[in-house]
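Residue 3 is where the sequence shown starts when you use the numbering used here, and the numbers rise one by one after that.
Please keep in mind that the hints were generated in silico from the structure rather than gathered at the bench. Be careful, since some hints might not be right.
[What the hints assert, rightly or not] Under the rule of at most 20 Å between Cα atoms (straight-line distance), these lysine to aspartate or glutamate pairs were calculated in the DMTMM-like manner: (1) K340 - D264; (2) K85 - D264; (3) K158 - D374; (4) K85 - D174; (5) K85 - D110; (6) K85 - D133.
[What the hints assert, rightly or not] Have a look at the derived ranges for each label pair, beta carbon to beta carbon: (7) P298 - C395: 54 to 60 Å; (8) T318 - S364: 17 to 23 Å; (9) N46 - G173: 46 to 52 Å; (10) T44 - T82: 17 to 23 Å; (11) N367 - S228: 21 to 27 Å; (12) P298 - P387: 39 to 45 Å; (13) N213 - N312: 31 to 37 Å; (14) N312 - T44: 39 to 45 Å.
Only a predicted model underlies this, so the values are computations on that prediction, with no experimental measurement involved. Note that the Cβ used here is the ideal one computed from N, Cα and C, for glycine as well.
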Amino acid sequence: MKLVGQVILTVFWVLISQPAAFGIFSDPPGCAGSTISVSSSTVNLAIPDNNLTGISYIMPISGNPRVITDVDVTVNISHTFSKDLDIRLTSPQGTTVLLSSGNGGSNDNVFQGTLFDDSAGIANAPGAVTDTAFTNGVAETPLVPEQPLDRFAGEKPGGNWILTVKDLSLGDVGTLNSWSLAIRVCAVPPVSASAVFVGAVAAPVAIPDNNPAGISRDLIVNGIGSKLCGLELATNITHTFGADLEIFLIAPNLRQATITSDNGGANDNVFAGTTWTNLGTPVVDRVYTNLEVATPLAPEESLATFYGVNPNGIWTLLIVDDAGGDVGVLNSWSLHFKTCSNGPDTDGDILGDSLDNCPNVSSPNQTDSDSDGTGDLCDDCAADPLKVVAGICGCGISDADLDHSGISDCLSNAEVKNLLSQIKASLRRVKPASTLQQRQRQKELNAKIKELLKSLDSVVSHPTGVFTTTDGTDVTQSAGKISSAVRRALRINSGAFSANKKSALKALKSLNRVMT
């Protein structure tokens, strides 16, 4: 289906079953991670000038039961005034992340090959698209997006991913040349544990005015898990000119993220109670009000840049006032950590037993072909979602006994042989009656015949419908012949009865012989 301003791309996708080099993040414990890579062809679609609708390209990804832990997106967009561009990515679940809006200045083609990655600041400090000094005609990469891509974490990757590009100002034009996605997924989400640590601030600490050294305060973290999977920062900073502030968070391994730089305008105390979270409003896009605390906010560099590190150690909050005339105070701060753990790991495959679909056999990839919750290495019936052991009837066949005969229906030949034995016994019990005896023995005779015919009917109406014979004998037809012979015997003299009984037993013997 083709919509106005929207084109469905033809793409390829590749699923790599083993962990691959990808961004900076490391997989959570027990992730059994893999990377889905999708790329557009060269599309060269013009971006309408000064148009709020823009263009939207759909990138379909086949259904995948795993969960997202990290997303990177690469765009190749040429434009003669990059600040005009508004670029957003929307997931199949409807979550939208703002990659860039109003960045790049008057420079040409600065997004012509840009990788947006939450951890880009490690390789390209300061990293944030909002803080980068762009150069005309030079593609800047990698960049931390304006809004964290971590917002997609925990979602399923399957479905339509949509890249929307708009030109919001008149006079310059551009083209979307191509784009691609790299999505890191895990077989199962790890178990997490939370802990809160409060920074030691015995009394409010003044922030030196217009001083690049600023102030730093340390927070010692210990006794929590060794792999960070989530992080929030809380600050209480009073200041009479919010845009003077530059705030940075530094991890024990010295990895650093810009929380805010020159945001908040001339407003007072906008960070005096702010929770910084990847799910908040981007700090650069918030509309600030004097004396109103802005919360929650997403920092300029994603807090996901710290994911995977060992959080135990010294964390540092650095605050700088980079302009004269207004002053402020750090009143308090704290960090809320979420670490990943898995509990006991019996098979040593780095996946805790509580999350392992095959806890006693090492299975790092957690392959489960029939999606029954039991991994293939522990599933004798890996292609049968209803069985994990072969049972009586084997994989792919139910062990049910729908007719309550005491024998599984799949064992049709065994069940029929059992019925044939009953028929044989019934036939042998049937005795011809003389004219004088017939009335006295009629009741007994009828009961025996009823028992016999019931057994024959069981063969004809057996729930499996088809039985296997070595020569293709029609079981239903054979049972019918036996039944007819017995019924005829009831209506004739004893001599003929004996002949018909003999004929019935012969047919029964023949039928029993050909059953496999």
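So, going through the hints one by one against the coordinates:
| no. | hint | in the structure |
| --- | --- | --- |
| 1 | K340 - D264 | 29 Å, violated |
| 2 | K85 - D264 | 18 Å, holds |
| 3 | K158 - D374 | 18 Å, holds |
| 4 | K85 - D174 | 10 Å, holds |
| 5 | K85 - D110 | 9 Å, holds |
| 6 | K85 - D133 | 13 Å, holds |
| 7 | P298 - C395: 54 to 60 Å | 57 Å, holds |
| 8 | T318 - S364: 17 to 23 Å | 40 Å, violated |
| 9 | N46 - G173: 46 to 52 Å | 21 Å, violated |
| 10 | T44 - T82: 17 to 23 Å | 20 Å, holds |
| 11 | N367 - S228: 21 to 27 Å | 23 Å, holds |
| 12 | P298 - P387: 39 to 45 Å | 42 Å, holds |
| 13 | N213 - N312: 31 to 37 Å | 32 Å, holds |
| 14 | N312 - T44: 39 to 45 Å | 43 Å, holds |
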